[in-house]
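Chemist: One letter stands for each residue in the lines below.
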Amino acid sequence: MNLDLIFGILQIVLIATTPLVFAGIGELVTEKSGVLNLGVEGMMLVGAVSAFIILVITGSYFLAFFVSILSGIIMSGLFAFLVLFLMSNQIATGLALTIFGIGLSSMLGKQYIGTPIDGLSPWFFVIFSFLIVFLVSYFFYKTKAGLILRAVGESHNSAHALGYSVIKIRFLSILFGGSMCALAGSYISICYAPMWQEGMTAGRGWIALALVVFATWKPERVLIGAYIFGGVTILQMNLQALGLRFPGQFFSMAPYVATIIVLVLISSNKLRIKLSAPASLTIPFYKGR
Amino acid sequence: MNSLFPSIVSRSQSSGLMNFFVPIISIVLTLITGSIIFVLLGFDPAYALYTFFISPISSTYGISELFVKATPLALIAIGLSYCFKNNIYNIGAEGQLTMGAIFGGGIGILFHDTNAFWLLPLMIFGGAIGGSLWGLIPAILKTKFNTNEILTSLMLVYVALYILDYLVVGPWKDPFGYSFPKSRPFSESGRMPLLFDGLRVHFGLIITLFLIFVSWFIFSKTIFGFQLKVSGYSPKAARYAGFNQTTLVLFAFAICGAFAGIAGLAEVSGPIGLLYRDISPNYGFTAIIVAFLGRLHPIGIIFASLVIALTYLGAEDAQLFLQIPSAVGFIFQGLVLFYLLGAELLINYKLTYKKLL
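Chains as they are written, first to last, in our numbering: chain B, 1 to 289; chain W, 1 to 357.
The following block holds chain B by itself, in its conformation from the complex (with noise of 0.2 Å):
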């Protein structure tokens, strides 16, 4: 093997990592404060396709990013007013969102299939997505606020107790797990594909969903995670290319089957579980009268 081929292979890695770990470090965030949202997948659809039509109307790529992200932000408000404010069922209300998000997305972006664009370099984004995990990982450990933060998403009664406002804490965390799905569908339809088509994310949003409980709730281990399942993914690829004749299915199920197995080693004990998991994770705060 020369040096060229493997340089190639880790730019492949880098480039197609990177929306994993956007849309993980954002749903990591979102479960710190004790919320699971299911919606990563219809989030990223959307946030994808924003991004396209506002690039190919106004030519601007702040502005595609820019409008992306806000998509980001109403689709996951309104995930979020409806398990803050009325106490709806997380599960329930994260599934509808993806259903929602992929039905949307397909209708919004329908006249754009085909419409060719002119790509973005993807580096920015690659330097920022490492630069963002440290950063919430910064703020989780080492600031007050990110301490409130985990707080809440481990007694929201205590927190609360406390003086903090749960409601508002979960309102913040839910937005950026938003706007950070958007952002890695956007960068899938600017930078890494450069196109449309209906439901382009292809699975990522579960996948990166996966992430954040194979990564034991760590933004660092999201890092690494990614990295581990976008790396199969690639391998797959060129070991098919090089004409490798094996089932690239089993590849493809790895992440899922690597993170029921996290699972159940961190599950199994008690100590271990609570050292990991948020422990109000997918409970709804009343505060009563």
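Everything labelled a hint here was simulated from the structure, so no lab data went into it. Please note that a few of the clues may not be correct.
[Said to hold, decoys possible] Only pairs whose alpha carbons sit at most 27 Å apart, straight line, appear in this in silico DSS-like list of lysine-lysine:
id, chain 1, residue 1, chain 2, residue 2
1, B, K274, W, K236
2, B, K168, B, K144
3, B, K168, B, K218
4, W, K144, B, K274
5, W, K144, W, K229
6, W, K144, W, K236
7, B, K144, B, K274
8, W, K236, W, K350
9, W, K144, B, K270
10, B, K168, B, K142
11, B, K274, B, K218
12, B, K142, B, K274
13, B, K274, B, K168
14, B, K142, B, K218
15, W, K236, B, K270
16, B, K218, W, K144
17, W, K350, B, K168
18, B, K218, B, K270
Bear in mind the structure is a predicted one, so any value in this text is a computation, not a measurement.
Go by the hints and put chain W onto chain B.
Modeler: Frame of chain B; chain W shown alone:
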């Protein structure tokens, strides 16, 4: 003077009246929102709604198609209610459906040149076993290792889908299929019998109605149904009464998996007739909407499955006549669930206006 905004107050007892009205309210709100979306897209809303909700079922064939789509939805949803009643979040029915199709369909492929009366019952049995084995994985992991069943059942969906994909492009590929990713067709006796000549509605509907009736009996007339309900309402009371939560979890998952597996088998041996990649247009996930919309009640689930099946048919007609992508059906499904979940608040909480003075 009253405050401007209502405040939310917990009800001492959940409202039965609201339990009945909330699904209706959410369907009405979805239709209103849908018309607004159609207007924004530049369609005459009356014509669009007619195309979406009336024209698909204005023929005998259309009504038959409605039942074809409603069959798997209702069957999976009634299975899910065993889990949801006990507050177990099995969201992996799509995977259990797929595994049922693989097990049952595998039997069909093995006996592709056999014509015998026992073939279809064996395939149905295989479907039930496949689905319930797949459902038991998250159940065993939950009871033995305390894992979160939401995450494991969801992950297993994708594992099952990739296994099916592997089988139909690999070992089970039709040797005469011009390398299309599909299996051999099942033999005639491995197909669900059609109920009427020329219509696609099949025997799976009878199985579904039978299992819904059995479930109604279990929910309302047996100790097991009572235990499910009690441990759903109050796990502490259930523990105090000595109900075995482990058994309940295992049974709920096994039954739900079996129902979803039968639904998957009914799809491949009914309208499809062989195994291929996309055997289910998300029935396993959509059935979650049906279960919620039907309030986990057998009769409610029957009505809800018809309503949601209509969104599938309407989306196909909308694509044909309005040139809207068929995914618009997902918008309606998402909306109805949003409204339903939002309005559910009215069941367990009430809105009151606090007196300010």
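Chemist: Now look at each hint and say whether the structure bears it out.
Modeler: Taking the hints in turn, this is what the structure says about them:
Taken as a hint, the K274 of chain B and K236 of chain W pair is honoured in the structure, with Cα atoms around 21 Å apart against an allowance of 27 Å. As the CA atoms of K168 of chain B and K144 of chain B are separated by approximately 16 Å, the hinted pair is consistent with the 27 Å bound. With a C-alpha separation of about 23 Å, the suggested pairing of K168 of chain B with K218 of chain B holds against the 27 Å cut-off. Proposed proximity of K144 of chain W and K274 of chain B is supported: the alpha carbons are some 17 Å apart, at most 27 Å.
Proposed proximity of K144 of chain W and K229 of chain W is supported: the alpha carbons are some 22 Å apart, at most 27 Å. For the suggested pair K144 of chain W and K236 of chain W, the alpha carbons sit about 20 Å apart, so the restraint of at most 27 Å is met. In summary, the hint linking K144 of chain B to K274 of chain B is supported, as the alpha carbons are separated by about 21 Å, within the 27 Å threshold. The straight-line distance between the Cα atoms of K236 of chain W and K350 of chain W is roughly 25 Å, inside the 27 Å bound, and the hint therefore holds.
For the suggested pair K144 of chain W and K270 of chain B, the alpha carbons sit about 12 Å apart, so the restraint of at most 27 Å is met. Proximity of K168 of chain B to K142 of chain B is assessed by CA-CA distance (about 21 Å); at most 27 Å being required, the pair is judged to hold. For the proposed pair K274 of chain B and K218 of chain B, the alpha carbon gap of about 13 Å is at most 27 Å, so the pair holds. For a cut-off of 27 Å, the pair hint linking K142 of chain B to K274 of chain B stands: about 21 Å separates their Cα positions.
Proximity of K274 of chain B to K168 of chain B is assessed by CA-CA distance (about 24 Å); at most 27 Å being required, the pair is judged to hold. Of the supplied pair hints, the one linking K142 of chain B and K218 of chain B holds, its CA atoms being roughly 14 Å apart against a limit of 27 Å. As the CA atoms of K236 of chain W and K270 of chain B are separated by approximately 20 Å, the hinted pair is consistent with the 27 Å bound. Proposed proximity of K218 of chain B and K144 of chain W is supported: the alpha carbons are some 25 Å apart, at most 27 Å.
With a C-alpha separation of about 22 Å, the suggested pairing of K350 of chain W with K168 of chain B holds against the 27 Å cut-off. Proximity of K218 of chain B to K270 of chain B is assessed by CA-CA distance (about 18 Å); at most 27 Å being required, the pair is judged to hold.
Checked against the numbered hints above, the structure breaks none of them.
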